[in-house]
Amino acid sequence: MARPAHRRRGHSKKAQYSVFTGFVVAALGALAGAALLGISLWKPETFAGLREEATDVVAPAGEAGAAGRSGGLGLVDSIAGYFRAGAQNARLRAEAHAAHVQLAEADALREENRQLKALLGLKQSDAPPVAFALLVGSTSASTRRIAYLSAGRDQGVGPGMPVTSPRGLIGRVLEAGDSSARVLLITDGASMVPVRRANDEVVAFAQGRSDGTLRIRLINLGINPLKPGDVFVTSGAGGIYRPGTAVAVVSRVMRDGAIARVLANPAAAVEVAVEPVWVPGASQGESGAGTGKPSGADK
Amino acid sequence: MISEINPRARRDPFGKKINRDHSALLVHGLPLVTILLGSLVPVLPLIAAGPVMPPLGYMMFLAWRLVRPGVLPLWIGLPLGAFDDLFSGQPFGSAIMLWSLTMLVLEGIEARFPWRGFWQDWISASALLAGYLGLSALFAGPGVDITRVPLVLPQLLLSILLFPIFARMVAVFDRLRLLRVKVLR
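Going down the list, the protein sequences come from chains G and R.
Just so you know, we're using this note's numbering here: the first sequence kicks off at 1 and counts up by one.
Just so you know, we're using this note's numbering here: the second sequence kicks off at 300 and counts up by one.
Keep in mind that the hints were calculated from the coordinates and are not lab data.
Just so you know, even glycine gets a beta-carbon here, dropped at the ideal spot from N, CA and C.
Everything hinted at is true.
Cβ pair distances, simulated, as ranges:
1) S425(R) / E201(G): 46 to 54 angstroms
2) G416(R) / V253(G): 50 to 58 angstroms
3) V326(R) / N265(G): 42 to 50 angstroms
4) A470(R) / M254(G): 45 to 53 angstroms
5) K227(G) / G328(R): 56 to 64 angstroms
6) T446(R) / E105(G): 42 to 50 angstroms
7) D154(G) / P378(R): 25 to 33 angstroms
8) P449(R) / V101(G): 44 to 52 angstroms
9) P159(G) / L457(R): 27 to 35 angstroms
10) I223(G) / T446(R): 22 to 30 angstroms
Selected chain R positions facing chain G (in silico; Cβ < 8 angstroms):
11) I346
12) A347
13) G349
14) V351
15) L373
16) S387
17) F438
Covered by chain G, per the in silico footprint, the following chain R stretches (three or more residues, Cβ under 8 angstroms):
18) 327–341
19) 374–380
20) 389–399
21) 447–456
Hey, can you work out the whole structure from these sequences and the hints?
Quick look at the structure:
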């Protein structure tokens with residue numbers, strides 16, 4: 001294929017100048033981009049307003065798609081259901097029977113829990129979620145793991161609020177526009193969640209690795225007590241994340257920690273809850289830290 | 300005796316030749332719209348655990364530049380990159396810089412190797428995709444971190460394999476772009 005004719009520089013001074021100007025403007029564009037990139041890396045929140053506006057404009061289209069995604073799931077499931085109705089009925093009956101027993105046990109445990117908490121002087125501090133919203137999409141081509149949420153300031157969503165699904169922690173709100181928000185998923189490299197092992201007090205940080213897994217970094221170094229299958233929940237250290245939300249399950253043990261799989265897969269979670277920022281000790285009237293930097297030394 | 304005129308005689312693949320002209324909106328707008336739609340892919344209802352999707356906006360941009368040089372002006376990396384940055388999750392400015400550099404690099408390649416072909420286009424696209432994805436991962440933030448770069452390898456492989464398909468897609472769009480739809484009076 002021959003080179004395109006239009007960029008051949010002839011003897012026309014005007015044509016030569018316009019080609020030259022094109023090069024100058026492209027080079028200036030590259031330099032401007034480098035400068036903006038430098039500013040963005042130095043102060044990541046600089047262009048947040050611009051992004052919020054843009055996301056507000058296009059999020060409704062994505063929202064329709066996300067609703068279709070959940071609808072589509074339901075459609076396939078409902079058709080498949082006809083083929084398994086008999087066996088499913090018998091299985092569900094058995095499950096319901098077992099669940100009745102477990103429900104009664106759980107009632108007893110809840111009551112016991114309430115009494116023990118009353119004994120300790122703790123107050124039940126489960127604040128209701130700020131909003132329920134759809135996860136619209138995510139930055140699937142970039143190494144950053146940021147998802148778009150279909151609720152924004154108008155629904156009371158603000159930066160820093162944790163986002164959870166029924167299966168566990170998804171992330172926290174990074175920037176909020178009027179009707180949409182950007183969520184930093186816990187698998188992003190910039191996300192750091194203070195966690196503890198669900199059944200004891202082994203404390204650690206869960207840091208994202210940008211590939212769908214988390215790096216569990218133990219705070220107390222020494223003998224690594226972790227085993228594959230250990231479940232980690234938020235510890236609440238430092239605030240933001242309410243303690244006791246499921247985060248990840250250990251899949252591979254390393255010398256100074258582990259690699260863990262996320263429990264609440266954002267790809268499977270369509271509807272999520274935005275919770276208020278948790279402030280430690282707020283119910284006792286103390287002033288909480290509320291910053292993203294957990295001290296980690298309070299356990 | 301005059302035989303009947305062949306009905307195809309005054310047509311070509313772009314439509315009737317008499318009394319019809321290209322639409323300026325299609326000629327200039329279609330490349331931009333397809334690239335912008337490629338940049339909007341993060342808003343699609345697809346939530347990925349890792350960087351797996353090829354950068355569709357950039358691939359569309361690259362395909363237009365390679366398949367139809369001259370359709371995109373040299374400075375177009377600035378506005379298109381800015382739009383891509385709003386949705387890609389990268390820090391603002393990374394696509395502005397990389398897309399502008401892509402235009403300059405391709406201009407250089409074209410000056411050095413003027414007689415292009417399928418393999419040369421694919422090789423230059425692969426090299427540019429590798430550079431783009433690698434540098435994007437490097438600058439993705441927080442901070443500049445070299446350990447993120449290996450994460451994009453599966454994505455890079457997918458992008459390179461998909462590129463010829465994108466080039467064919469752009470060829471189809473190009474035929475659409477040059478349809479004579481405007482009626483001259």
